Structures are given as structure tokens and as C-alpha cells.
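Participant: Just so you know, the protein sequences line up as chains V and W, in that order. Numbering-wise (my numbering), the first sequence opens with residue 7 and increments by one. Numbering-wise (my numbering), the second sequence opens with residue 3 and increments by one.
Since the hints were made in silico from the structure, they are not lab data. Treat the numbers as computed from the prediction; the structure is a model and nothing was measured. For glycine and all other residues, C-beta sits at the position ideal for the given N, C-alpha and C. There could be a bad hint or two in this list.
Stated by the list, open to error - Partner residues aside, some chain W positions facing chain V, computed with beta carbon under 8 Å: (1) V42; (2) T83; (3) G166; (4) L215.
Claimed, not checked - Below are the DMTMM-like pairs computed for lysine to aspartate or glutamate, each with C-alpha atoms no more than 25 Å apart in a straight line: (5) K145/V / D59/W; (6) K402/V / E46/W; (7) K145/V / E46/W; (8) K460/V / D88/V; (9) K145/V / D189/V; (10) K145/V / D429/V; (11) K145/V / E47/W.
The chain contents come next:
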Amino acid sequence: MPRRSLTAVAGGIAVAAALVLAGCSSPSAAPAAGGAADPDAIITVGSQNEPTSLDQIGGGSSGVTEVFTGNVYEGLFRITDDAEVEPLLAAETSVSDDGLTYTFTLADATFHSGDPVTADDVKYSLERFISEESIAARKRQLSVIDTVTVVDDKTVDVTLVSKSVSFTYNLGYVWIVNDTATDRATTEDGSGPYTLADYRKGDSITLDRYADYWGDEPANGGVVYQYYADPTALNNALLTGAVDLVTSQSNPDGLAQFDNDDFTIIEGTSTTKEILGLNDRIAPFDSVDVRKAIYSAIDRERLLDSIWDGRGQLIGSMVPPSEPWYIDLADNNPYDVELAEDLLAQAGYADGFEFTIDTPDSGVHSTVAEFIKSELAKVGVTVNINIITDDEWYEKIYTNHDFQATLQGHVNDRDINFYGNPDFYWGYNDADVQTWLAESEAADSVEAQTDLVKLANQKISDDAASVWLYLNPQLRIAASTVTGVPENGLNSLFYVAGIAKAAS
Amino acid sequence: MAAYLLRRTGLLLLSLALAAALLFLVLRVLGNPVYALISVGATEEDIAAAAARLGVDRPIGEQFVEYIQQLVTLDLGTSFTNQLSVGDEIARRLNVTLPLTLISFALSVLIAIPVGFIAAWRSRTWYGTAFSAATQLGGAIPVFWVGILLITVFALQNRFLPAGGFPRSDWADPADALRSLTLPVLTIAIVAGSDLARYVRSATLDVLGQVYLRTARATGQSFGGAIWRHGVRNGIVPVISILAIQLSTTFVGAVIVENVFGLPGLGDMLLTAIRERDFPSVQGVVLFSTVLVLGLGFAADVTQRIIDPRLRTTLSGNRRAGSRRAAVSA
Numbered sequence: 007m008p009r010r011s012l013t014a015v016a017g018g019i020a021v022a023a024a025l026v027l028a029g030c031s032s033p034s035a036a037p038a039a040g041g042a043a044d045p046d047a048i049i050t051v052g053s054q055n056e057p058t059s060l061d062q063i064g065g066g067s068s069g070v071t072e073v074f075t076g077n078v079y080e081g082l083f084r085i086t087d088d089a090e091v092e093p094l095l096a097a098e099t100s101v102s103d104d105g106l107t108y109t110f111t112l113a114d115a116t117f118h119s120g121d122p123v124t125a126d127d128v129k130y131s132l133e134r135f136i137s138e139e140s141i142a143a144r145k146r147q148l149s150v151i152d153t154v155t156v157v158d159d160k161t162v163d164v165t166l167v168s169k170s171v172s173f174t175y176n177l178g179y180v181w182i183v184n185d186t187a188t189d190r191a192t193t194e195d196g197s198g199p200y201t202l203a204d205y206r207k208g209d210s211i212t213l214d215r216y217a218d219y220w221g222d223e224p225a226n227g228g229v230v231y232q233y234y235a236d237p238t239a240l241n242n243a244l245l246t247g248a249v250d251l252v253t254s255q256s257n258p259d260g261l262a263q264f265d266n267d268d269f270t271i272i273e274g275t276s277t278t279k280e281i282l283g284l285n286d287r288i289a290p291f292d293s294v295d296v297r298k299a300i301y302s303a304i305d306r307e308r309l310l311d312s313i314w315d316g317r318g319q320l321i322g323s324m325v326p327p328s329e330p331w332y333i334d335l336a337d338n339n340p341y342d343v344e345l346a347e348d349l350l351a352q353a354g355y356a357d358g359f360e361f362t363i364d365t366p367d368s369g370v371h372s373t374v375a376e377f378i379k380s381e382l383a384k385v386g387v388t389v390n391i392n393i394i395t396d397d398e399w400y401e402k403i404y405t406n407h408d409f410q411a412t413l414q415g416h417v418n419d420r421d422i423n424f425y426g427n428p429d430f431y432w433g434y435n436d437a438d439v440q441t442w443l444a445e446s447e448a449a450d451s452v453e454a455q456t457d458l459v460k461l462a463n464q465k466i467s468d469d470a471a472s473v474w475l476y477l478n479p480q481l482r483i484a485a486s487t488v489t490g491v492p493e494n495g496l497n498s499l500f501y502v503a504g505i506a507k508a509a510s
Numbered sequence: 003m004a005a006y007l008l009r010r011t012g013l014l015l016l017s018l019a020l021a022a023a024l025l026f027l028v029l030r031v032l033g034n035p036v037y038a039l040i041s042v043g044a045t046e047e048d049i050a051a052a053a054a055r056l057g058v059d060r061p062i063g064e065q066f067v068e069y070i071q072q073l074v075t076l077d078l079g080t081s082f083t084n085q086l087s088v089g090d091e092i093a094r095r096l097n098v099t100l101p102l103t104l105i106s107f108a109l110s111v112l113i114a115i116p117v118g119f120i121a122a123w124r125s126r127t128w129y130g131t132a133f134s135a136a137t138q139l140g141g142a143i144p145v146f147w148v149g150i151l152l153i154t155v156f157a158l159q160n161r162f163l164p165a166g167g168f169p170r171s172d173w174a175d176p177a178d179a180l181r182s183l184t185l186p187v188l189t190i191a192i193v194a195g196s197d198l199a200r201y202v203r204s205a206t207l208d209v210l211g212q213v214y215l216r217t218a219r220a221t222g223q224s225f226g227g228a229i230w231r232h233g234v235r236n237g238i239v240p241v242i243s244i245l246a247i248q249l250s251t252t253f254v255g256a257v258i259v260e261n262v263f264g265l266p267g268l269g270d271m272l273l274t275a276i277r278e279r280d281f282p283s284v285q286g287v288v289l290f291s292t293v294l295v296l297g298l299g300f301a302a303d304v305t306q307r308i309i310d311p312r313l314r315t316t317l318s319g320n321r322r323a324g325s326r327r328a329a330v331s332a
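If we strip away everything but chain V, and leave its shape as in the complex, we get (with noise of 0.2 Å):
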């Protein structure tokens, strides 16, 4: 070939290339700092949650609480950032002397079709949410609901099986759908002050600004949330500008970047307690000593260091301070490899035993396992490790408890009641732990509801039911433009009408 037609081709690559490159003029810069709040600037929230349905009572995915609870359905009650309960939907509560009986009277919203919020559409979504079809993740603390029944058209009457000190609590997950919606896959009829624009699954959904919206209007003019499968892909477009903020920084590795002027690094409390789950059902472990051996060996301070840089509590049982019941507890089973050795013999294991913790792969489990292992080393326990899926833990471990020991985030808040369920995964039974637990449920007051549960809480610490290794951070991040960023992020409910974002 000729030298000219070489150059020629080279040529081609260079303008084929050029082509490629079109449009690079165009750089996203990075919004100004300072500045006064924009009401209308559009905040693009960046979030690894992306929910699996866009209906709630549709599956497991705490994404569909993320973006929806709140922002575009609303309940009769809210729950606070700081885990308190509010009314929403229902202006007015009270209760029957028996505490059986629930009668809410209806705030005037509509929804976004314009139909009043009724209650019609109360009783519709109350019992939608605890059908058969339902898989929602709160089902079974509404099971308790026996009747809905309709009073006038802003009036609702809800009879319970038992008494339940928590159920306005737990009303607070429980969407009020419009009863004459339809298609929930793609659509809503929620009442919040979002409605839902666009839905592009593996992407984003995007949240217009309700115009007629009931309540206090929000401080920006609409939400994207856009999701991103990989961590480093969602900093990135952190970085890059691509996003205001992340709901959840679920690698500790990428903080640093983010610590400087340009952004603001936000930790509250979660709920999400990382769990050495022990089959109490088998040997060793349904010994009190061993697990309580096993908890002793393992330096959990180190642990934490290692795995979030120190962010983040160490907690002795199933319960963060976030809740009523809250005691603390994080020394009652101190790290201490003596008392490990000296519990061990004492349980007729002074030479070790071997055993097998199943792992999730997902999230930071693999690594904690790995630190396990080293630790239980020292004192002559040798731990094998088995990696799994998520859907593999649900089929193998929580269905058919089919377990040594497994590693599990458990992000529920006030879940210290699966301790209460002798059926769980973990097979903890106390028959004193379920009267109180039970009891609690059906207690007079919130006050005598908390003491039981305070009773129960130091039990299953007492007994080293599990392993509890540490409470996660809840690590926000957000340019530095961005402000009113809820902090704590309760069960995944996250707030978006506060935020708003300095003009650019």
C-alpha cells in the first residue's frame, strides 16, 4: 500500500474518532458553592437501592420505601427522621377504652388524579396491604388488624384482633392508594407531594413537583433518582457532578474523596445491626457459653475500625439507641479472650470445635467473615467459610434453616421481636423472652410496652442469642450545595421534599 493511502487511512481513524468524540465541548461543571436555595432546581439523587416493583406490597426491596414512602404515597401516620411518630393522613386519631378500636378522621388531600383521599381508599389499601397477594415487609405486624370499617366518607374505624401499642407506628410504611388505581407497575395515585414522571427500569425514576399537593410545599422543583449497580460507578458520578448526593455510602474505601470542601459527608444512626446469626437449635451452639465464648473472642472494636474507619456503633443486642427500648449494652459481652477460653472449657470444648458460617456476597459479609475467622482462631475454634447468594441465604438459611452460622445485615427497625418467633432462622427460644415480647405488643401504655421490651432486650443479650457485631453508620454524602439531607434514614425512608440546592 502506498504511503499516502496510510495517511489516509489514519486520517479516517482521526475524523471516525472525532465523530465519536462529538459534542465533548460541553463539560458538566460543577455547581458554584454558596449561593441562595433554587425552589425550583432539580435534585438528582444517586442510589445503589434501586427498588425490584414499584408497588409495595409487591416484594422485599427497602428501594420502593427509599423513593416512594413519603415522597409520592403517604400513610396515616409519618414516621420522623428521629424515629418519632406523626400524623399525616390521619388528622385525628382516637382510641376505644379497650384499646381494640382505632377511629381516624381523614386530612383533606387529594390525590394526584384529583380524587379526595376517602375512606374508601383506607380501607382498600389497609386490607390490600395485609391480602394473600401481599408480600410487604410489615405484613404480618398489621395481620393484627381484624376490621376496616367505613363511617362517613372522612372517617374510618379499624378493629384489631389484639391490642397493638406499635400499630400507628407500623400504619406509618403503609401507603393510602387511590382504590380506583389500576396499573401499580408502571403507574401511581399516590397523595404526596411528588408524583411520579418516569420510570426507566436499570436507570432511574424521576419525581415531578404536585402542584395541588395538601401539605407544606417542597423546597425543590423535582427528584431523579439514579441508580448505579457498581459503588465506584455512583461516586464517580458524585465527582463528576452527574449527582447531588448518595443515600447510602456502602463503601468505606471511597469516603476519602469526598472529604474536603466540595462535599459534605452526613452520618446519622441506621437501624441496620451486622449480625453473626448462631443456629441456637444445634450443638455448640445451643450452648449459653459458647455463644457467648464466641462473642468474647471477637475483638468487635477492631472490626469496626476495619470495615467502616471507626463510623459506625458497637452494639451488645438487636436494639440501636434509635429505639425506645434502647439499653446500653455493648460491654455486656466484652471482648475479652480469656473468659472465651475459660466459657469454652467450662462448655466442654477447652480444645476448640470446627464450624461453618454461610456468607452472603454481597455488601461487606465476606470480609467480616474473614476477620471472624482470624479471631476465633486465637482461641482454638476453627470457622470454614461458604459463600452464597442473597436468594441462596433466604432459601438455605431463613427458609429452611439449613445453618451453622451465617453473617446477615438485618435493617429493620424495632425487629427485636423476631426473637419472640421460636420458628426464626436463628431458633432462639426463651419462654420468658416470648411472654414479654408478646405482652409488650398488647401493653397499655408505651411506657409499660418499653419496659418489657427492655426486660426481653437484656435477655437475648444475657444469652448471646446472636453474635450482635456492630451497627452501621448511615453515611450520606452531597456537594456542598445541597442542604436539608435527611440524616438518619430509618428502615430506608428518605425524605426528599427538605432538600433543596443552592442556585448555580
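Dock chain W against the given chain V, drawing on the hints supplied.
Facilitator: Just chain W now, with coordinates in the frame of chain V:
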């Protein structure tokens, strides 16, 4: 040729049917999709209700018959997790994956042909050796690593291009869409182009050593003329199958690249569907990809036969070819 086409089409349909059946069975063996839907707190009744809703509690034979009936009517079903039509979802995702694949492929060919040619033709010069080494290196680096490098340089250090994502308006603003695809395209093109250049190099070396080329030169043709008239026509036949394979590989490689760049394409759909055990979506994407890959192979075979008459006679299995072979060996 007609008989060949008929036989080849029959083979294609048989492969597809086998792939569809195998896919169905393998997915069912791997696990129950219900466990990807439930959360901590679900009771046995909830699990049973979810299984009934998905229809996975029915006998597997019944599910299979329904699946085949759907496929015959070109219906890919609805997603287990979000109840969207799988076919519609694939069509939407192709807005990203198809341009990404085609542009990457075109660019990789544009890189590979001159680079591979020079690496062979000037194999004894320093730049020939350099090109050869560069293609070795380019083909050896994992594709996600190239992606990360490009993101670091062009998106994080210099804000030339976005680090990922695709415009929500799709192709409404083509410049914007192209900007989003630039780094992913470069990533694939560098790796795929290097691979392809290796093939071009060896095909060229092969042709350059052929007697017919020397003969053509001896009859007074210029080097370029001889290459164009005889070399390209002889060299292109193996290159066509390589191109078809490479196009399939580029398409499949887009899966990883889409993940690195957070692009909402077919690869992203497949990974999410596998994670969520969303059988209809997994089946849809894999079958679609299978059709594409098998179709490309089919197209390549037919094209080769059109270009090279020798393939038509020797491989189509007719009597004349057999007799000619006998005559030649005699």
C-alpha cells in the same frame, strides 16, 4: 446453494430450540425465584403466595409448555419482579446496547485493519514491532480496567466526558447521547480492536507469503493492485468469520462495560435479572443474544460462500463437488 441455505436454516432453528429448552431447565435447577422476592419477616404463607403469584408452584412440565407457547408467538412474557413486558424492556435497552455495540465494532475495525496490516507488512521495522506489541497489550488488559483508566483520565481528572450514565431523554439529543457513549465505545474499541488487529496481522502475513501474490507482482501489477485484486479477496474469507465472531464478542462484552459505566442497556438488564432471579427477563435477554450470535454466524457463512466459489462447491455436499475432488486428487 438453496439446499445449503435450507439445511443451514434448519440447523439454526434447531440450535435455537435447544438453547431455549436448556435455558429454561438450567434456570429452574439453579433455584426458586421466590427467594429473591421475599424479605426477613416473610412467613411460609407469604412464600407460598409469592410462588403462586409467579406461577412457579405449578408442575415444571406445565410451565415449560406455557413458555414454549409464548415463544412460538414471539411473546417473551412479563418480568417476575416489576411486571413489565420483557420484549418492550429489551427493545428499550437496545437503544443503548445496539449503538454501543455497532459504534464500538466499527471503530475497532477502523483501528484493527490499518494497525494489523502495518504490523504484518512492516513487521521488521520498529513501528511494525511497536504496533504488534500494542495489540498484544491492548488485548491482554481486562476490559473493565481500560474503562476505569479512561474514566480516571477523561472524567475525573479532566471533566471532558461523563463518567457514566445515559441521558434520560435517550436519543432526543444525539450529541448528549454520543457524549455518554464515548468512553464506553473507546473502552470496547481498544480491547476488541487489539484482538481483531491480531487476526488481521496473521491473515496479512499469510497472504503476503502466498505465491499468487508474487506471481501477480511478476506480471507487472503494483503492490497495492496485487493486494487489492488478489490478496484482499483471498484474505477476507477467514476475516469475515472473525468479524462475525468479533461482533458477537463486542455485543457480549458490552455487558461488562455497561456495568462499569452505569449504562441502562441489555447487559445491565441481564445482570439485574440474574440477581433477582427474574426468569422471564433472563430468558428474554439470553435468547435474544443467542438469536443475534447464531444469526451473525449464519450471515457470515453465507457471505463467505458468496465471495468464495470454492466453499460453495466443496462444502455444500453435492455430488459434483465430490467428483471434482476425486478428479483433482487423480
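Participant: For every hint, state whether the structure bears it out.
Facilitator: A quick look at each hint next to the structure:
Checking V42/W against chain V by beta carbon gives a least distance of about 6 Å; that is within 8 Å, so the hint holds. A hinted interface residue such as T83/W counts as satisfied when its beta carbon comes closer than 8 Å to some beta carbon of chain V; here the least separation is about 4 Å, so the hint holds. For G166/W, the interface hint holds, since its Cβ comes within 8 Å of a Cβ in chain V; the closest pair sits about 5 Å apart. A cut of 8 Å between beta carbons decides the hint on L215/W: the least distance to chain V is about 13 Å, and the hint is violated.
Simply put, K145/V and D59/W have alpha-carbon atoms about 22 Å apart, close enough for the 25 Å limit, and the pair holds. This hinted pair checks out: K402/V and E46/W have alpha carbons roughly 14 Å apart, not beyond 25 Å. For a cut-off of 25 Å, the pair hint linking K145/V to E46/W stands: about 13 Å separates their Cα positions. Distance check on the hinted pair: K460/V and D88/V sit about 20 Å apart at the alpha-carbon level, within 25 Å; holds.
Between K145/V and D189/V the CA atoms are separated by roughly 21 Å; this keeps the pair inside 25 Å, and the hint holds. In summary, the hint linking K145/V to D429/V is supported, as the alpha carbons are separated by about 17 Å, within the 25 Å threshold. As the CA atoms of K145/V and E47/W are separated by approximately 11 Å, the hinted pair is consistent with the 25 Å bound.
Hint violations for this structure: number 4 only, all remaining hints satisfied.
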